[in-house]
Structures are given as structure tokens and as C-alpha cells.
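2 protein chains.
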Amino acid sequence: MLAEIITIGDEILIGQIVDTNSAWIATKLNENGVRIKQITSVSDEKEHILEALHAAAKRADLIIITGGLGPTNDDITKKTLAGYFNVGFKRDEGALEDVKRIFAANNRPLIAINEQQADVPENCIVLRNKNGTAPGMWFEDQSKIYVSLPGVPFEMMYLIEEEVIPRVNAFFQLSAIVHHTILTAGLGESFLAEAIAPIENKLPAHIKLAYLPKLGQVRLRLSAYGGNKDLLKAEVQQFVDEIVALIPEYVVISEDKPLEKAVLDILSEKNLKLSVAESCTGGYLSHLFTQHSGSSAVFLGGAVTYSNELKEKMLGVKTETLAKFGAVSEETVIEMAQGAVHNFASDYAIAISGIAGPHGGTDDKPVGTVWVAVSGKSKTITQKYKFPGRRVQNIERAAINSIILLLKLVREEYA
Amino acid sequence: MLAEIITIGDEILIGQIVDTNSAWIATKLNENGVRIKQITSVSDEKEHILEALHAAAKRADLIIITGGLGPTNDDITKKTLAGYFNVGFKRDEGALEDVKRIFAANNRPLIAINEQQADVPENCIVLRNKNGTAPGMWFEDQSKIYVSLPGVPFEMMYLIEEEVIPRVNAFFQLSAIVHHTILTAGLGESFLAEAIAPIENKLPAHIKLAYLPKLGQVRLRLSAYGGNKDLLKAEVQQFVDEIVALIPEYVVISEDKPLEKAVLDILSEKNLKLSVAESCTGGYLSHLFTQHSGSSAVFLGGAVTYSNELKEKMLGVKTETLAKFGAVSEETVIEMAQGAVHNFASDYAIAISGIAGPHGGTDDKPVGTVWVAVSGKSKTITQKYKFPGRRVQNIERAAINSIILLLKLVREEYA
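Chains as they are written, first to last, in the UniProt record's numbering: chain C, 1 to 415; chain L, 1 to 415.
Treat the hints with care, as some may be off.
Because identical chains cannot be distinguished in the list, a pair is counted as satisfied if it fits within a single copy or across any two copies.
Calculated pairs, DSS-like style, for lysine-lysine (alpha carbon to alpha carbon, straight line, at most 30 Å) [unchecked claim]:
1) 28 to 214
2) 386 to 28
3) 270 to 408
4) 46 to 233
5) 130 to 28
6) 214 to 79
7) 100 to 365
8) 144 to 37
9) 365 to 130
10) 202 to 229
11) 58 to 208
12) 214 to 384
Note that these hints are calculated values from the structure, not bench results.
Please model the entire structure based on the sequences and the hints provided.
Written out as C-alpha cells, the structure reads:
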């Protein structure tokens, strides 16, 4: 079964916001056996929205529309949908109740345009929104389902999980989809392809292999379609095992989870604690870990030491080390990592210092130069990197590579 | 002049990656007076890509295509474009040079499928890629321009800035676009709309107003199209001033920059230093600041204290305070903020402690409860929040609101 996502709103088209909703919806639908055929972002213009609806309806059976449901003049999704289905409006008592409840909870008076939030096209079933004033809407038309949801992420997420997925499962006969991703590092896309060609060439037609290069790593994604989900999973796992067996030295994580989550899980199993000492990554590494629920079982915290003074004060880096070798040096990151293990009483610590750019580079240490140290049970290991990117990409690459280095030492020390 | 962006790759459609490229490209094109009509994400399937190309060519004059240029079997953009234009392939010597250079720099042998990276459709002009092996391609066909770029962000970014934007400016007669965003807090979308209706109602047809609610704030975006860019800017600025004058108490930042960047600039002007003490935001607040180049002039660093032990050790929070009031309390965040100012020798410090969720909530302190303290020249101010979202949204809201609280104290102390 195919679905499409249409996001409505000029803010995406002018680049003011990144469309994170679509990836989230795609993940949820995929988990439930729905393939996304296309994601389309269109402007707040009636004719353009209508064109996108007609085009999507030709390709897909389920069309999820987000955005454009606010009370203000620039929000025209509801009017446009009523026009598309050629129906009038009705006031929905449930939706009106939700609007009133939210205004009452915030001690705000209700004004007319807020009440209009409860007016919906006649042919829809209202999906009640507990977290906001714009109701979700479910339309059935010529055997196709259209769902209109608010663009505010947590309102949309709640409605997808609580209302849309159960109804989609009930309405359609869904076939299974299984994805599995292997994270590799150290081998370029074309070499990987050569190395695993024997497996790629024998994949059955219902299993696809994709190469996803990102920030210096390549993820291999196997996607299997159709039939029984458990059998598909077992089939995919067999190919995963064969790939790992062919290139064991390049496989970072063969489980299908984010790298930092995999590392947290490994440390948690062994009851090991982690702290960090971040300079150029400026909190991003900590954020990678702490975005995951349960990270507090492993991650104690750490120091974001942008200034040299704080490197000395919080981590015990010696003034002489900074003076002699500079903040971006092997000597400094070693002291940072060892200082973190000592001061924060953790089993492992990651330290990162580098030049994220765009300024601060020298001939000797150009922008993108990053030193990482990982301190563990028996020793401290280091690695120097030279990343080619811009500031934010350099920060991301430094963080990801430091986690790979941590994983290496943990595996060595707890084989 | 209208453009469309087509991103190719199953990884977006299954939700494995968020499409950040499109927002970046949209921003750059907008700055140069190109409006994006639609952003379309399609799968790695020839027929689907062709359909998207034909549809985009009906609406737009410039079509930017990203992704699907790797050397492996799942990458079919080049073949599909050759089919679309009905042309054969040529080997491009410049592109081959780039491939060879990159392999030589990495000390890797060149294999046949890498050389094929230099094979391009006959009718294209190669945009040489200094950072990767897939060349960019520029096609002119029936007065429309098609540009195909690698999906790897920093390769794409380089090509857009160095190759695509200059060529687009030379090829098209571009009309000006000016956007200006005002960040507001404390007033819901519908009340804002009521409050500024007198201005919205008198906006000329070439200036549009949009309401963008996000994480508890509402951004107001004015977009003006056509004519002379400087005149447009002046015209937009006049409406910005009128809006600010109508609702001064709700305007956080009337300059068109990210909140944290605006705060960094204010502190930098006054030569004030900032540190942070983060618990539930786990490094995200530090990352918000340090993602910006030049942040080191203001941001000294800080402590990510996930554990109570580190709150005591790094920030000097008293054991009794934690025992009596808990880690998520006004008393604790006050000591965290004051400890940061003292230990890290900053003028201002933000402290955040809360329950990001999904676990750890109690009847008394449910998930989403967050305490923030800001310590400054003359005093420490605090604020309690109850956010309705999920973990990552709660982290984002806590960080953003803590910056608004900082701004409030800075403005009060340095009026």
C-alpha cells in the first residue's frame, strides 16, 4: 500500500524550517507496512494544494497532509479540502470542546476565530486533538483516505500514533516492510560495493540494498517487502550476518539503531559510566547521548570547555600543555579525557578539541582539524582527524567519530 | 522566477534521514531572489523520477535535483537524466581528474566504477566537485535549467554557492525577495492576529504576512516580492517597526536572526561572558550557542550535570538542597546558576533542570516540568515551565525559553 505526504506552508519553501515531520511520519508508516511514494512540500496557495492533492491521489491510496490549520488568514488547508471534496462546513462539537478546554486551561478568553477552529468539512471524521486547537481530519473518498493534521510536531505525532495508525491498520490490508541498517566506517562506497557484491548479486527481488554515505561513514540498508513480517525479518537478518562476516573490520554497528544509542546500550549492559570533555563540539556530543531516554543510566555529564581557562579549571589541563602544544593537540585532549575520568568519576571519557571553523584555522592546523582522546580502564587512545566540511558538519563528524573511537576502546577492553 | 527542488533517494521516504538539504538550498535561492514553488522527494525509481521532472518543468524554470549520484547500483539519477533529455553519455576529463585526485589523496586505487563517475549525459556542463567524486551537472533545455547535485550536504553546499548561484544569476533576470521574521512569545497565534490586524489589513499585495508557531513562540514573517531590493527592505522594515510598536511586550527579537544568535550578539557588544549549567537539556543549550561561528567571544562553556554528584562537584549545589527539594526545583537551579557564574567566572549563567521524559515524572513533578534560573549582575531570576511535549521537544523548549529568560534579565540590567 502506498502513501504520500503533503506538507503545506511557505516556511518550508523559503527554508525557514526544516521539514522534520515528514521523516517522522514516514518512519511510523513504514513500521506499519505503508510505503511512502512521495513527499511534497507546497505553498499556502489554493490552486497549488489542489494540484498536489490530485497528483498524489493518482499515485497513492493514503494521503497525509500536514500544516495550514491555524486560525489565521494564511492557513487555507481546510477551505481547500472542502473545495477538493466539494462539500460545505459543519461545526464539530467534540472539536469545539477541545478548543474551549485548551483556552480555559490557559485562562484565555475565546474569540470568534478560535471557535471557527471547530468548523470542519462536512465529509470528515474529526480526530480529536488533545494538545492543540486544530482538530485532525480523516476523509474517505473514492476508496482513498486523506488525513489532514496540524503541522505542530507534538500535536501531529500524537494524532498519528493514537488516531491515524490504528485507523489505517483497520482500513487497509497492509503488507509487511522490514528495514535493517548496518553502520560501516573506513571503506568508501565503491569499495564496499565491490566487497559485498557476492551478496548484493544474490539478493532476491523483494530485498533491496542501498548505500547511504553520511559524515564519513556509509550505512548499508536492506529493505524487504511483502509477506510475513517475521519471516522477512529472519531473511534480512541472514543477509545482515553474511555482510558482517564479509567485512567485519569495517562494521561499526550491525544492529539497527543510532550509533550513540548502541554505545549507550553496550555501556549500560556492562554497568559502565561515561563522561565527556567537549571543546569544539560545544555540547553536541552530550546532546547526542542525552536525547535518548534512559541515557542517565550511563551518561554522568561533562564539561563544555570553550575557553582555555575552563579546560584548566574543570578538567585539570596544565597551563604549560596549553601554552606549549595549544588547545588543539594530542597532549591537550589526553589531559582533558583523563581529567574527565578523574574529576567526574566515570569509567570512560571522550575528549574533543578542534577547529570547527570557519575562522581560527592556521597553516599548521587548518579548519577541520580535530583531536579526539578516549580514556578507559587501561589506557587513553587518541586520533587526529581532518574534516573537509563546514562548521556544523565538522561538529557532527567530530562527535560521531569520537563515539566510534570510544566503541573501539570499549570493545578492546571488554571483548 | 520559480524553482523546484527534487530530492532523490529512498532514505528520505522511509524516514531514515531528514531532508535538511532542501531547506538550505531554499534559503540560498531565496536570498538570490528565486522563489521555491515545490519541494518533492521521490524514490530511486526511474519512472517516478521522470514523472517528477516533467511535473516540475511545467511549474518552474529552474529545477534542482539532489541525490542518486553515487557509484553504486541504487543510484540512477544520471541514467534517468540522460533518458529524460534523450542523449548519450560522454566522459568528462575535468570530472575524471577530480575523481583521480580524490583517490590519490586518500591513497586508494581507482576501480572501474569510480572512473564511471566521470561519465555524464552529453548535453550537460560539468560543475566540478572539489570535495567528492560525483560531479555536479548543469543542463539547459527548452529555456529551462536543470541542475543535478550530489546529496552529500557539504558537496552540495559548495556547488550551490560556487557554481550554481553565479550561473543562475547570469542566466535569469531575477526579481528581489525580502523576508523578515519577528520572534514573539507570550501571545497565541489568534490573539497576535487580532492585535496586529490593523497592520495586516493594510499590507500591500506584494507583502505577505505568515504566522509560524513553534515550541511555544510565534514567529511573524513578512515576505515582500518584486522590484528594487533596497526599497523592499525599507518598506518591510517600516511594517516591522509598526508591528513592534503595537505589541512591544510580546516581541522577543525583531531582528531577523535566530534567538540564540541575537543574544550572543547583544552580549558580545557589551563584552559580557556567558556560561551554562545544564541538566535535562544535556548539552543542547550549549550546542545552540556554539553552532554559531564567533560564539567563543561570549560563551565560555559550562557543565552538563546529569548526575546529582556532578551538580555538587561542578556547580557547588549543596547536598542538603538536592535532598530537601530535589534536582528539579527552584532552589537547585538557583544554586546551579550561581555556581556557574562563580566557578566559570562569567557575567551571566543559565541553569536548567527538569524532567524531559518519557520516564521520571511524578504526580508532583510530571514529565515536562522544567525549572530555569538565570544569574546576572544584580540578581538571579527563575521561572517554572510545564511543557506538553515529548523528550526532544521538551529539551528544545527548555533551551529556547531559558534563552528568553536570559534576554529578559540582560535587558533589565543593561537597559
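Have a look at residue 130 and residue 28 and pick one of within, between, both or neither, based on CA distance no larger than 30 Å. within (20 Å within a copy, 38 Å between copies)
Quick one: residue 28 to residue 214, C-alpha cut-off 30 Å, is that within a copy, between copies, both, or neither? both (22 Å within a copy, 22 Å between copies)
Is the C-alpha distance from residue 58 to residue 208 at most 30 Å within one copy, between copies, in both cases, or in neither? within (25 Å within a copy, 32 Å between copies)
When Cα atoms must be at most 30 Å apart, do residue 202 and residue 229 count as within-copy, between-copy, both, or neither? Intra 21 Å, inter 58 Å, cutoff 30 Å: intra-copy only.
Pop the pair residue 214 and residue 384 into one bin, within, between, both or neither, using alpha-carbon distances up to 30 Å. within (19 Å within a copy, 39 Å between copies)
Check residue 144 against residue 37 for me: Cα-Cα at most 30 Å, and say if that holds within a copy, between copies, both or neither. both (15 Å within a copy, 26 Å between copies)
Which holds for residue 100 with residue 365 at a C-alpha limit of 30 Å: within a copy, between copies, both or neither? between (60 Å within a copy, 25 Å between copies)
From the Cα coordinates, with 30 Å as the cut-off, is the pair residue 270 and residue 408 best called within, between, both, or neither? Within one copy, since 15 Å is at most 30 Å while 45 Å is not.
Can you give me the call for residue 46 and residue 233, within, between, both or neither, at a CA distance of at most 30 Å? Cα proximity of residue 46 and residue 233: across copies only (28 Å, versus 43 Å in one copy).
I want to check one pair: residue 386 and residue 28. Are their C-alpha atoms no more than 30 Å apart within a copy, between two copies, both, or neither? between (37 Å within a copy, 27 Å between copies)
Up to 30 Å between alpha-carbons, please classify residue 365 paired with residue 130: within, between, both or neither. Classified as between: cross-chain Cα gap 20 Å, same-chain 53 Å, threshold 30 Å.
Between copies, within a copy, both or neither: which fits residue 214 and residue 79 at Cα up to 30 Å? between (41 Å within a copy, 23 Å between copies)
Figure legend: structure checked against the earlier numbered hints; every hint is met.
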